[in-house]
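There are 2 protein chains.
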Amino acid sequence: MKELKELMEYRSDVRVVDATLRDGGLVNDFYFTDDFVKDLYEANIKAGVDYMELGYKASKEMFDENKFGKWKFCNEDDIRAVVGDNATDLKLAVMADVGRCDYKKDIVNRSDSAIDLIRVATYVSTIPGAVDMIEDAAKKGYEVSCNIMAISNVQEGDLKVALDILGKTPVDVFYIVDSFGSLYPEQIARIADVYREFAAKYNKKIGIHAHNNQQLAFANTIEAVGDGVDWLDGTYASMGRGAGNYAMELLLGFLRNPKYNIFPVLQFIEKHMGKLREQGVVWGYDLQYLMTGLLNQHPRTAIQFTKDGRTDYSEFYKEVVAMD
Amino acid sequence: MKELKELMEYRSDVRVVDATLRDGGLVNDFYFTDDFVKDLYEANIKAGVDYMELGYKASKEMFDENKFGKWKFCNEDDIRAVVGDNATDLKLAVMADVGRCDYKKDIVNRSDSAIDLIRVATYVSTIPGAVDMIEDAAKKGYEVSCNIMAISNVQEGDLKVALDILGKTPVDVFYIVDSFGSLYPEQIARIADVYREFAAKYNKKIGIHAHNNQQLAFANTIEAVGDGVDWLDGTYASMGRGAGNYAMELLLGFLRNPKYNIFPVLQFIEKHMGKLREQGVVWGYDLQYLMTGLLNQHPRTAIQFTKDGRTDYSEFYKEVVAMD
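Protein chains in written order, with numbering that gives the first Met the number 0: chain A, 0 to 323; chain B, 0 to 323.
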């Protein structure tokens, strides 16, 4: 359902989601300076970004608060210190992983929170856990999305069952998540077809969260927009786990809705992202991520390769090809 | 005419063209070591690459041989020192620019040359010059392609006239060249439609040469393959002018024809490309190239920004937006 003529027009249903703190936090253990977070918040407002994902609501039973920056936990006080009462058009989101979030305790009623949207992250195998979290979040008054991760490993039959279950919950948005960065635009188009069927049946929206292992995060996202996908996750300068995500600056250059503005994004990157790289924070396309993407594998081996400072790419290729 | 099912099959008409020395030479003035060129030649053979572009046939009247590496001129002796009699399946190509090549003198008969393919590079405005070069090359026995540069600035009506003129020449391949890296996959699909009309009429092949300003070089290339485009220019590790080209390692991972092999490409990159970067050779996606791509401008201002070591991206944005 690509809409050729629409490169000049726009759909007002599109929602741009900045996932820099959350997906980017995975490469620096969420140790962002207050200055960084405040400037990012201001840049998002000026750029017309619709949602800013602040980080995770991670279980404090499972993760030691002293071993991570505060955006892994997103305590209400820490959020308020940045956004005050957030009297802006920018909505705030956190991610909650099935099995790694004490949501009954740690997610309070929306009326007592600065957060607007709970993003439930699940594998197809943990859908019942996701359903419970979705219902909890909706009951507390939040908007809710559900990110179905590692979709490139999911059989179409199972995906349909999952979407049919999720369709009956109060979730607002179904997400396509290419966790391994292994999908090509043609495959995105096919997966979007499946999602559209259930989105139409249950009156839900569709989102996409792409990874850049094959330098296709942006291409897959704009393919998806042409296939009826509205919610688009990106990060500033592609900052994110492994090969990173699509770059916010690419998307804001592409979107035709005049509410979006690329300039504050360029300013933010100029001020902060080069500095992060100089400090040794590493992310973005490299051969090891291409390989795990090609082979449709979780990037954990490639992340380890990066951490170890290895550059023996051909040796690594032999390792991952043999991994089964 | 995207062929969804074909992600599992392949078209034997596809031709992979390695443009590393030619487009990459634009960022290091063609100063490649003999070791680099020899290893690249061997890697291409092992990887199943179909054509290797060695460089330019640049006019020695216009360019001083002492100010550039030898691959700007591609003297027959220099080629022979690497390839001998090239008793392999890898074919050899050079580029000849309209107005910057003494082709009558510098391009000898194919029977006296190691070169198989002359790639004539032209703007739409210099098509008559291209026609003369195409006829000269064909008469001398070469395969001939014609690269129509800066296609994103060409009106469809003019493009049709150009293709109709070129169709009547002995040229074998029409190339789509996104010199500014400004096109989106949907636009590639539309342009490929126009090319296909004339390729069918005159029995020609179609090629694509993409740039990575918006991280779409690979995506645009695989879009084009789905639209009947067969000749695909890439470079190792994306090495090329400005934001570079699509990465050969991405394409060889994508293509399903078992004649192609990604491993020698990984080995070559591991051995040579990190070293080039350490020596200060700079190429690849960065914000300044995104901006000229978005604005559909020649990247020369962005290349200067890079050479000057500037990182004041937002200032640069103001400069290029105002440039008219």
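A few of these clues could be false.
Taking lysine-lysine and the PhoX-like style, the derived pairs with C-alpha atoms no more than 20 Å apart in a straight line are [to be verified]:
{"#": "1", "chain 1": "A", "residue 1": "Lys317", "chain 2": "B", "residue 2": "Lys45"}
{"#": "2", "chain 1": "B", "residue 1": "Lys45", "chain 2": "A", "residue 2": "Lys45"}
{"#": "3", "chain 1": "A", "residue 1": "Lys270", "chain 2": "B", "residue 2": "Lys317"}
Chain A residues, not near chain B, derived (Cβ > 12 Å throughout) [said to hold, decoys possible]:
{"#": "4", "residue": "Glu41"}
{"#": "5", "residue": "Lys200"}
{"#": "6", "residue": "Asn212"}
{"#": "7", "residue": "Lys270"}
I should point out that these hints are in silico values taken from the structure, not numbers from a laboratory. We put the beta carbon where it would ideally sit given N, CA and C, even for glycine.
* To do: Decide if the proposed pair is consistent with the structure: Lys270(A) and Lys317(B), CA atoms, cutoff 20 Å inclusive.
  => 16 Å, holds
* Regarding the assertion that Glu41(A) does not contact chain B, is the least Cβ-Cβ distance greater than 12 Å? -> Since the minimum Cβ distance to chain B is about 14 Å, Glu41(A) lies beyond 12 Å and the statement holds.
* Asked: Would the least Cβ to Cβ distance between Lys270(A) and chain B come out above 12 Å?
  -> With a cut-off of 12 Å, Lys270(A) comes too close to chain B, as the shortest Cβ separation is near 9 Å.
* **Outside-interface status for Lys200(A) - nearest CB in chain B farther than 12 Å** => 23 Å, holds
* If you draw a straight line from the CA of Lys317(A) to the CA of Lys45(B), is it 20 Å or shorter? -> Distance of about 17 Å is within 20 Å: holds.
* Asked: Can we confirm that no CB of chain B comes within 12 Å of the CB of Asn212(A)?
  -> Non-interface label on Asn212(A) violated, nearest chain B Cβ at 10 Å vs cutoff 12 Å.
* Asked: Hey, Lys45(B) versus Lys45(A), does the alpha-carbon distance stay inside 20 Å?
  -> It is violated: about 51 Å lies between the C-alpha atoms, which goes past 20 Å.
When each numbered hint is compared with the structure, violations occur for hints 2, 6, 7.
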